[in-house]
Amino acid sequence: MDPKKILVIDDEPDVVTYLTMLLEEQGYETCSAKNGIEGMGKIRAERPDLVCLDLLMPEKTGVKLYHEMRKDPDLKKIPVVMITAFGPPLQPGIDFKRFIHQRSMISPPEGYIEKPIDREILVKTIAEIFERQERPVT
Amino acid sequence: MELSREDYQILFENVPAFISVVDQNYVIVQANQNFKNTFGPEVGVPCYQAYKGLPEKCPQCLVEKTFLEGKPQVHEEYGRTREGEAIPYLVYTAPVFDPKGQIPYVIEMSVDLREKKRLEGELRASQEFLNNLIENSIDGIIAVNASGRVIVFNRAAEEILGYRASEVLGGEKLEKFFPRNFSPKIAAALKGKVEKSPPLTMISQEAYLYSKSGTRIPVRFSAKILMRVQQPEGAVGFFQDLRPLKILEREKLRAERLAAVGQTVAGLAHGVKNMITGLEGGVFAVQKGLGGQDPHLLQQGLGMIQKNVEKISTLVKDLLNYSRQQAPELQWMNPNDLAEEVCGLFQEKARQAHIQLLLKADPHMGTAYLDARGIETCLTNLLSNALDACLLDRRKSDHQVRVGTQRNEDHSVSFEVEDNGIGMPGEIRKNLLTAFFSTKGKGGTGLGLFVTHKIVQELGGSIHVESQPQQGSRIRITIPQEESPSPFEKNASAEN
Numbered sequence: 184m185d186p187k188k189i190l191v192i193d194d195e196p197d198v199v200t201y202l203t204m205l206l207e208e209q210g211y212e213t214c215s216a217k218n219g220i221e222g223m224g225k226i227r228a229e230r231p232d233l234v235c236l237d238l239l240m241p242e243k244t245g246v247k248l249y250h251e252m253r254k255d256p257d258l259k260k261i262p263v264v265m266i267t268a269f270g271p272p273l274q275p276g277i278d279f280k281r282f283i284h285q286r287s288m289i290s291p292p293e294g295y296i297e298k299p300i301d302r303e304i305l306v307k308t309i310a311e312i313f314e315r316q317e318r319p320v321t
Numbered sequence: 144m145e146l147s148r149e150d151y152q153i154l155f156e157n158v159p160a161f162i163s164v165v166d167q168n169y170v171i172v173q174a175n176q177n178f179k180n181t182f183g184p185e186v187g188v189p190c191y192q193a194y195k196g197l198p199e200k201c202p203q204c205l206v207e208k209t210f211l212e213g214k215p216q217v218h219e220e221y222g223r224t225r226e227g228e229a230i231p232y233l234v235y236t237a238p239v240f241d242p243k244g245q246i247p248y249v250i251e252m253s254v255d256l257r258e259k260k261r262l263e264g265e266l267r268a269s270q271e272f273l274n275n276l277i278e279n280s281i282d283g284i285i286a287v288n289a290s291g292r293v294i295v296f297n298r299a300a301e302e303i304l305g306y307r308a309s310e311v312l313g314g315e316k317l318e319k320f321f322p323r324n325f326s327p328k329i330a331a332a333l334k335g336k337v338e339k340s341p342p343l344t345m346i347s348q349e350a351y352l353y354s355k356s357g358t359r360i361p362v363r364f365s366a367k368i369l370m371r372v373q374q375p376e377g378a379v380g381f382f383q384d385l386r387p388l389k390i391l392e393r394e395k396l397r398a399e400r401l402a403a404v405g406q407t408v409a410g411l412a413h414g415v416k417n418m419i420t421g422l423e424g425g426v427f428a429v430q431k432g433l434g435g436q437d438p439h440l441l442q443q444g445l446g447m448i449q450k451n452v453e454k455i456s457t458l459v460k461d462l463l464n465y466s467r468q469q470a471p472e473l474q475w476m477n478p479n480d481l482a483e484e485v486c487g488l489f490q491e492k493a494r495q496a497h498i499q500l501l502l503k504a505d506p507h508m509g510t511a512y513l514d515a516r517g518i519e520t521c522l523t524n525l526l527s528n529a530l531d532a533c534l535l536d537r538r539k540s541d542h543q544v545r546v547g548t549q550r551n552e553d554h555s556v557s558f559e560v561e562d563n564g565i566g567m568p569g570e571i572r573k574n575l576l577t578a579f580f581s582t583k584g585k586g587g588t589g590l591g592l593f594v595t596h597k598i599v600q601e602l603g604g605s606i607h608v609e610s611q612p613q614q615g616s617r618i619r620i621t622i623p624q625e626e627s628p629s630p631f632e633k634n635a636s637a638e639n
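Those protein sequence lines, which keep their order, are chains A and B.
Just so you know, we're using my numbering here: the first sequence kicks off at 184 and counts up by one.
Just so you know, we're using my numbering here: the second sequence kicks off at 144 and counts up by one.
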């Protein structure tokens, strides 16, 4: 079976390096982008099997990119794992999930991981996503 | 035309004065109607009895003196009306000569002083009241007369400025107690060179006065020319010590700063998490490199660790620095020297990065009243950013950072740092001063311009940012200044 291709989008180069190393060690193929615009281009060009997405980026934020993906019939099936430094409780007053999911009008991401990244959780989350894809939907 | 005897009689009876004529025994032989109405019809009674109710001649008898010297006399006396009311009056005496040159009679003409005394009393009471107001005012009140000499120096003025009124009244001149830019106009107005009516009023929300010990005191000052019948008769100044307000201001800024620190910690979480991820990535790479005997991976991992350690370190240092910061310490210093020092600090780093570092100092700068440590922090921050901007810009290789100082026309002082590095897109430039750290591009290495902005704000100054992506940036800090040290200020000379 062809290895799964994962696209990593983050404007912090060290994070990209790290995730790339991590995922390649797991046997995945990787590609990367450093902002929302480049990310969108790569999604369409490379057709990854999964996208690891940072949220706060220049040019186009991860949230915008995520909404675009979900609204595009071509792209909405691609699973997304958000990997981000944002998260409660350190951002009081922001209900983050609601902000991203626009009150459930957009489906939630398949994974949501907070930085600093726990390697095991990341690997397990991605593995489970691919596993669910293989299993028939009941 | 000569007056007839009847005319004189009319005059005698109706003149608005008391007239009595006494003989050598002080007995009243004739008196006018006014006298009779006031003291009683006491013809045939001695004058001391009639006027004062005394049993014998007054100790300093004016009439006696008149008889003896043969010359008119005048004196203020106190008597009693026939109703028993005390009555002050001014008595004029005149001797009457007979053909032989003897003085058989003396005429006493007296002016009723009751009304005058009453008015005097009212005036005194009114003056005392006003004096009370002036002395008890919380604000300092200083007034000068038309010659510019101090005639009012109230208690508040004594307390605020440290002079005693007795040292100042009648002596000192207005330049010492009015703000520097007010005195010439007031002096001109007092000399009659008024530009236009209404009378000159000047108000400053923040001016400076100097205490006896030469300390500069910030005040709110209101000055007015006092006019009387179209002529300037003096000037008055009202002032309020702003130091308590300034202390409150400082406390507020300090509280804001601490609050910002609290907020910053939340904001920093984002950057710190990225840096920690970078560190963990580095460690991961090092582990893999060691395990797989891959020196390249080892190198890469070590690099990641080093870079993120430095970033975290800078961030923590900035944060600690910022929260530890004291209120600005203002002093007279030389801005050009400071700019030169800071450039010196970056000389080596610039050289190694092949960036040309230039300093253009304004030769007419002079000394300025600034927080040297604060400005140093700002310049260091700006220079560091400028160098980083050049380093990040891979499109050109000919990089330059220009530092400039300038004394502006309104006496304010400006520092400028210009680079031809990577520049900033509009979004980043807009949030530059308020974001706790530059989110990306530079990699979130510190509190950056947020701190600089706070320092400049606390000095009452402003920051101007210009930037074009790929072309470079220019940042200019301007701090307002008074003209030059006042002659009344102690320690006004610069340190060098």
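Quick caveat, the hints were computed from the structure, so don't treat them as lab data.
Predicted model, so just to flag it, every value in this text is computed and none were measured.
Be aware that a few hints might be false.
[Said to hold, decoys possible] Distance ranges between label pairs, derived from CB positions:
| no. | chain 1 | residue 1 | chain 2 | residue 2 | range |
| --- | --- | --- | --- | --- | --- |
| 1 | A | Glu297 | B | Leu534 | 12 to 20 Å |
| 2 | B | Gly487 | A | Pro196 | 26 to 34 Å |
| 3 | B | Asn324 | A | Glu297 | 53 to 61 Å |
C-beta atoms are modelled at their ideal positions from N, C-alpha and C, and glycine is treated no differently.
Between B:Asn324 and A:Glu297, is the Cβ distance one that fits in 53 to 61 Å?
holds, 60 Å
Verdict for A:Glu297, B:Leu534 (Cβ pair) under range 12 to 20 Å: violated, 31 Å
*Has the hinted range 26 to 34 Å been met by the Cβ atoms of B:Gly487 and A:Pro196?*
The hinted range 26 to 34 Å holds for B:Gly487 and A:Pro196, with Cβ atoms some 33 Å apart.
Hint 1 from the earlier list is the only one contradicted by this structure; the remaining hints agree with it.
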